[in-house]
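Peer 1: Sequence:
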Amino acid sequence: MEFVKSAFYGLLLILGGVNVALALPPYVARDAEPLYKEFLDTDFPFIEATVDMRGVAPAGTDDNLIPRAIVIPLEHDVFVCFDTELLRVAGIWQGGYLSPNGVAMLSYPVPLRKMGSGQSKLPQPLGRVVFSTGLYSGWQAGQLSFEDPRPRGVDPKELGRGPLDPTTGEWLGMEDAGNEAVLHYRLFDGKVRERFQAKEIDGDLVVLRAIEVNGLSEEIRLILAEGGDGKAINRGSDLEADPEGNRIFYRLAASGNPQLLSVGYNLSKVGVSLVSSKESELVAVGKANSRWSDTAVAGIELGEPQGSYVVDEAILPYPNPWKRRIRPVAIDFSSDGEAVLVTFDGDVYRISGLGSANNQIEWKRIAAGFNEPQSIRIRGDEVFVFSRLGITRLVDNDNDGETDFYEMFSNRFNQSADTRDYPLSLALRPDGSFIIVKGGQQASAKSVHSGRVMSVSADGRKVEYFGYGLRNGYISGHPTKDIITASDQQGNWVPSTPFHIVRKGSYLGYQPGAPSKGDAEIQSPALWIPHRVAQSGIEQIWPMDERMGDLDGSILYIDYKKPSLFRIFVPEDPRFVQTAGSQLPIEFETPLLKGAMNPVDGSAYFVGFQIWDSIAPRLEGLCRLRFLPHESVLPRSVEVYKDGVRLSFEQTLGPELARDPSIYQVSSWDYVRTEEYGSPQFRGDGEPGVDEWMVHSVLLSKDRKSVFLAIDDVRETMQLEVQYNLFGEWQPLYFTINELNRTRLKDYKFELINFSKLFASEPVPRVVKTSQKIVSVVRGQQLYSQMGCVGCHSIDGSTEGRSGPTWLGAYKSRRKLKGGGSVRVDEEYLRTSILDPAAVITEGFDGQEAGMPSYKGILSDEDVESLVMFIRSLR
Numbered sequence: 001m002e003f004v005k006s007a008f009y010g011l012l013l014i015l016g017g018v019n020v021a022l023a024l025p026p027y028v029a030r031d032a033e034p035l036y037k038e039f040l041d042t043d044f045p046f047i048e049a050t051v052d053m054r055g056v057a058p059a060g061t062d063d064n065l066i067p068r069a070i071v072i073p074l075e076h077d078v079f080v081c082f083d084t085e086l087l088r089v090a091g092i093w094q095g096g097y098l099s100p101n102g103v104a105m106l107s108y109p110v111p112l113r114k115m116g117s118g119q120s121k122l123p124q125p126l127g128r129v130v131f132s133t134g135l136y137s138g139w140q141a142g143q144l145s146f147e148d149p150r151p152r153g154v155d156p157k158e159l160g161r162g163p164l165d166p167t168t169g170e171w172l173g174m175e176d177a178g179n180e181a182v183l184h185y186r187l188f189d190g191k192v193r194e195r196f197q198a199k200e201i202d203g204d205l206v207v208l209r210a211i212e213v214n215g216l217s218e219e220i221r222l223i224l225a226e227g228g229d230g231k232a233i234n235r236g237s238d239l240e241a242d243p244e245g246n247r248i249f250y251r252l253a254a255s256g257n258p259q260l261l262s263v264g265y266n267l268s269k270v271g272v273s274l275v276s277s278k279e280s281e282l283v284a285v286g287k288a289n290s291r292w293s294d295t296a297v298a299g300i301e302l303g304e305p306q307g308s309y310v311v312d313e314a315i316l317p318y319p320n321p322w323k324r325r326i327r328p329v330a331i332d333f334s335s336d337g338e339a340v341l342v343t344f345d346g347d348v349y350r351i352s353g354l355g356s357a358n359n360q361i362e363w364k365r366i367a368a369g370f371n372e373p374q375s376i377r378i379r380g381d382e383v384f385v386f387s388r389l390g391i392t393r394l395v396d397n398d399n400d401g402e403t404d405f406y407e408m409f410s411n412r413f414n415q416s417a418d419t420r421d422y423p424l425s426l427a428l429r430p431d432g433s434f435i436i437v438k439g440g441q442q443a444s445a446k447s448v449h450s451g452r453v454m455s456v457s458a459d460g461r462k463v464e465y466f467g468y469g470l471r472n473g474y475i476s477g478h479p480t481k482d483i484i485t486a487s488d489q490q491g492n493w494v495p496s497t498p499f500h501i502v503r504k505g506s507y508l509g510y511q512p513g514a515p516s517k518g519d520a521e522i523q524s525p526a527l528w529i530p531h532r533v534a535q536s537g538i539e540q541i542w543p544m545d546e547r548m549g550d551l552d553g554s555i556l557y558i559d560y561k562k563p564s565l566f567r568i569f570v571p572e573d574p575r576f577v578q579t580a581g582s583q584l585p586i587e588f589e590t591p592l593l594k595g596a597m598n599p600v601d602g603s604a605y606f607v608g609f610q611i612w613d614s615i616a617p618r619l620e621g622l623c624r625l626r627f628l629p630h631e632s633v634l635p636r637s638v639e640v641y642k643d644g645v646r647l648s649f650e651q652t653l654g655p656e657l658a659r660d661p662s663i664y665q666v667s668s669w670d671y672v673r674t675e676e677y678g679s680p681q682f683r684g685d686g687e688p689g690v691d692e693w694m695v696h697s698v699l700l701s702k703d704r705k706s707v708f709l710a711i712d713d714v715r716e717t718m719q720l721e722v723q724y725n726l727f728g729e730w731q732p733l734y735f736t737i738n739e740l741n742r743t744r745l746k747d748y749k750f751e752l753i754n755f756s757k758l759f760a761s762e763p764v765p766r767v768v769k770t771s772q773k774i775v776s777v778v779r780g781q782q783l784y785s786q787m788g789c790v791g792c793h794s795i796d797g798s799t800e801g802r803s804g805p806t807w808l809g810a811y812k813s814r815r816k817l818k819g820g821g822s823v824r825v826d827e828e829y830l831r832t833s834i835l836d837p838a839a840v841i842t843e844g845f846d847g848q849e850a851g852m853p854s855y856k857g858i859l860s861d862e863d864v865e866s867l868v869m870f871i872r873s874l875r
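In terms of the numbering used here, the sequence shown opens at residue 1 and continues consecutively.
Derived by calculation from the structure, the hints in this document are not laboratory data. All clues given are correct.
Dumping the calculated EDC-like pairs for lysine to aspartate or glutamate here, alpha-carbon to alpha-carbon at most 16 Å: (1) 199 x 75; (2) 818 x 843; (3) 773 x 861; (4) 191 x 407; (5) 481 x 545; (6) 481 x 431; (7) 642 x 712.
Per label pair, the in silico range of CB-to-CB distance: (8) 336 x 240: 53 to 61 Å; (9) 630 x 826: 48 to 56 Å; (10) 234 x 127: 18 to 26 Å; (11) 512 x 826: 32 to 40 Å; (12) 572 x 520: 25 to 33 Å; (13) 798 x 873: 15 to 23 Å.
From a predicted model like this one, the values you see are computed outputs, not experimental measurements. Think of the CB as a built atom: it goes at the ideal place given N, C-alpha and C, for glycine as much as any other residue.
Produce the entire structure from the sequences given, and follow the hints as far as they go.
Peer 2: See the structure below:
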């Protein structure tokens, strides 16, 4: 196995109070064998899951799908599935957990193994389903109904329809009671607690269900089991059946006193009956001892300076006392510098010591069981996790540092079972409310809340639309101001990588996530970023700390595919209708997903892991970005006006070089939104290509820290690229011009200038250097990295973690095409694939979310030929 670095570093683990020194590599390479392979933690009493029982249970049904399930592992390899939306026991089975058809489950033992989109292949019970109920309410008042009572959405086939009306029933959460789990929910005007056990009684294997109901003002009925296809189930004489005889239920009378109901599901004789309360009693609240008393201590590998910054990599605690993979997906900090970190596999850790002088980090596991969470937030003393089940508040009742009660803060929005309906982001607003967004790029049935931005009230009770039209967008909030920003990712209807300011009612352009009524006008992004620069926009953080140097007061936009940061400048205009940005010259080893600022050391911390299309050397990690006192060559602020572009720096500029127009290059292009993947680049006349803008002259401020590129006839454009060579190498800046603003230079110590008179004069002479047109294998290899091809196409034959076919051996091979037929990969095929990729799609790569955009108008003829030569060389 080849590691990017071969050195080994020490790790200190505290296991049962004994310090053990271990030698571990600083990180795991992309092809490394993971230390732990068992996704299910059988020592924990419950786990959130998506469970598919369509066509399995009850027999003959085709709609029994549970997007928000709690699965409870019991003794004797028995599992109970509880639907937290319809408040029903959806299934009881024996013989194994679930098929690993979830994104997290499938990739847990093989980190780069992909899971397809849609709802056709989802986690199903591995064992024999003995008891189940259908897609209807588990508790009912009045006349019984065996239809789903929830309103259908835009697609009636979408079965993720959200929770019941809270006046009927409401999931409250799950209690960790040590060896058992206790379910809590509200039912009409009463409350319910219940738990499950599996025991052998008189030679039979029985699942005991103990239910305590408090405060019922009317008679209700509990649906216990259904046979399906008219099949009857053995039932005790104390239970009733519906007219068809295959659904069993029990009546509870109205009572102000607590009622204890004990039910036995006999797996051996397939029967349901009431049992003596002595056989099944509800457990006391709270667990007796801490669940995870062991902690792990690991260090930080200090990085090498990269200009003004350095990236330090935390050593993940492998091995660890919990025997868990640690695939960090989000992090947040409290005011005292303690961090909480959630993994994609559902574990939450409290991390102490980040920012300490000795760089020793203590990890403590504090919660578990979440279904593919992607966000964690601290609000005061409260911790919230956003998973497929909803937004959960972690409650520590006995102050031992661990979660005792997993309180459902809000699930009043729909969650599809589609594998791409990710719970992407949870942003905190100054008033204590939240903004959330879920994935919108589902390939099958559409959920009414997917691809939309929603606000959640401070008490979690009210959820309403806030914005619309994100394909795979991540949102963030300003730490003190009520400003919501968002990324999105190039694809259908999203022509490149955008940065948005999300306002109430914003429609951001992804058509399947548009408002349901009327023809909404698309709000232009505040900034477009070329896809070749940022291929996979993720979350943003606000480094509002002077210890971050020249990044203080800006926005850091995370790119996942090539782990990097894109600096977004906060404009002077408070309306924030447009801005500019540049990629920071900083390399990362961790695949970046989320980040947060540590108030103790003033540094930015980032976490992430790999499944798809990242070129990061590590599979997973936690890293820190520190500022080093250093004279920065990056602009401190930039702005575009109707007469040109201003660039301002911290350092003094040499007047002769700064005034030379030949060291600046300005060009522009536009995109088009279509249902095709991405977009070519278009000139102002609509033809593919790029418009070159002439810099008439360059003005230098009196303090020699700002230059103004005077450009006649500045116009609105989606993408403006400004390159400058003030410090020995070309540096690009990217702008979007949504409106032309009055030129304001007085605050930057410029002389007053009459631009009408300036543009009437002859442009400043310059030496125009003609660029050499290079066609070579080396140039093709450079473009392979620069244009992001490396993220989707390997050159070593591998396809794991890639969304496109390998280039190794591709030339002169035959490929089967989508829709039938085949083609030989020759020069013409390769040129067509680069310029019009939708015309020729290889079979097996036609269902990928990360499609290939057209490079028409982006690559020159020479660049296309260089890429073809490079692919030929890999034969």
